[in-house]
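Participant: Sequence:
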Amino acid sequence: MAYEQVLSQDEVDALLQGVTGSTDQPAAPAPVRDGLPAYDLGAPDRVVRSRMHTLEVINDRFARGLRSALLNFMRRSPDISVGPVQIQQYGEFVRHLPVPANINMVHMKPLRGTALFVFDPKLVFLVVDNLFGSDGRYHVRVEGRDFTRTEQRIIKRLLDLSLQCYGDAWQPVYPLNFDYVRAEMHGKLANIVAPNEVVVNTTLQIEFGPIGGFLHVCIPYSMIEPIRDLLSNPIQDEVEVDKRWVTQMSRQMQSADVELRADFVTLSSTIGEVLKLQVGDVLPIELPTTVTAKVDGIPVMECGFGISNERYALRVQHMITHQDSDSKNDHD
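The numbering used here numbers the first residue of the sequence shown as 2 and each following residue consecutively.
A couple of the hints might just be wrong.
[To be verified] Below, computed lysine-lysine pairings styled on DSSO-like, alpha-carbon distance capped at 30 Å: (1) K189 x K123; (2) K123 x K157; (3) K189 x K157; (4) K110 x K189; (5) K157 x K110.
[To be verified] Label pairs and their computed distance ranges (CB to CB): (6) V247 x R183: 39 to 47 Å; (7) S251 x I321: 16 to 24 Å; (8) N178 x R262: 52 to 60 Å; (9) H54 x Q253: 24 to 32 Å; (10) V296 x R252: 16 to 24 Å.
Hint data in this document are derived by calculation from the structure and do not stem from the laboratory.
For each residue, glycine too, the CB sits at the ideal point set by N, CA and C.
Produce the complete structure using the sequences and hints provided.
Facilitator: The following block contains the structure:
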């Protein structure tokens with residue numbers, strides 16, 4: 002029997018839309034006046050114009066701290082690269098999440114709201130495999146199953162490390178305390194804001210050799226809006242001193258070899274007088290009461306001189322600071 006098409010394609014599409022509840026009809030374009038479309042002030046989308054310099058600095062600190070924490074936790078050094086700060090709608094963020102994923106809902110007090118720390122399944126199973134002696138090279142099928150209790154315990158440990166490092170990164174800017182709420186595996190179950198609300202998303206790519214995964218930190222914009230001025234202004238990261246770097250530099254400088262030189266007497270003479278000198282000639286001098294010790298020609302201390310333990314020695318009487326040296330030169 003010949004096939005007869007009972008329904009048209011338009012009717013089939015209408016039935017499918019009725020089942021799924023979706024409406025794919027294009028929205029009516031905004032009226033254009035003088036070549037410019039009208040702006041709808043009632044639209045829920047927020048326009049975030051300012052760049053969040055401070056948040057970028059916080060993310061860099063977070064990556065450095067997490068790298069050290071994972072090295073201590075897994076005994077392997079990861080490569081962590083930080084993506085740009087993305088400002089997007091929450092619905093768009095959820096659509097790009099893999100299923101299943103480990104979506105952790107966290108309160109960041111005193112900020113009001115709930116943030117997400119999302120570990121994609123590749124990263125979770127890579128960490129699990131490494132902790133049990135593998136290198137994560139074998140693909141693990143994750144579709145259609147929940148995380149086991151062992152995997153959940155490892156995920157909780159990974160989340161605790163991430164929250165600790167993230168809190169340390171925020172500490173110089175705005176101290177935060179984290180409260181774990183719950184975990185979900187599907188983004189539709191983690192409704193922290195409406196789908197059309199704006200969120201701030203940062204993605205960290207964590208790699209162990211050629212294999213890696215992603216960690217997403219998603220914060221509603223309404224959550225950090227009260228401190229947006231603090232996050233938008235460039236901060237002292239370029240001028241802020243890294244204490245560990247300073248400590249290491251100080252340690253290296255203290256082990257450097259220098260020459261300490263103390264000149265007792267300086268005589269003024271002409272070239273002719275020097276050429277006339279012969280063996281046995283006597284040059285009268287007057288010993289000073291103190292001598293100035295120098296390092297690379299820079300005065301560092303005033304010393305007395307004498308003999309100690311049958312050896313010529315200097316006794317420090319006064320340390321010369323830069324201010325002392327400058328004032329002395331100005332006086333001269």
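Participant: Hint by hint, note whether the structure agrees.
Facilitator: These are the hints, each one checked on the structure:
Restraint check for K189 and K123: satisfied, since their Cα atoms lie roughly 20 Å apart, inside the 30 Å limit. A C-alpha spacing of about 16 Å is found between K123 and K157, which places the hinted pair at or below 30 Å, so the restraint holds. Restraint check for K189 and K157: the C-alpha separation of about 21 Å stays at or below 30 Å, so the hint holds. A threshold of 30 Å between alpha carbons decides the hint, and for K110 with K189 the separation of about 24 Å falls inside it, so the pair holds.
Of the pairs offered as hints, the one joining K157 and K110 holds, with about 20 Å between alpha carbons and a cut-off of 30 Å not exceeded. Range check, V247 to R183: Cβ separation about 42 Å, and the 39 to 47 Å hint holds. The given range of 16 to 24 Å is respected by S251 and I321, whose C-beta atoms sit roughly 20 Å from each other. Distance hint check for N178 and R262: the Cβ-Cβ separation is about 57 Å, which falls inside the suggested range of 52 to 60 Å.
In this structure, H54 and Q253 meet the distance hint of 24 to 32 Å, their C-beta atoms being roughly 31 Å apart. For the hinted restraint 16 to 24 Å between V296 and R252, the CB-CB distance of approximately 19 Å keeps it satisfied.
The structure shown violates none of the earlier numbered hints.
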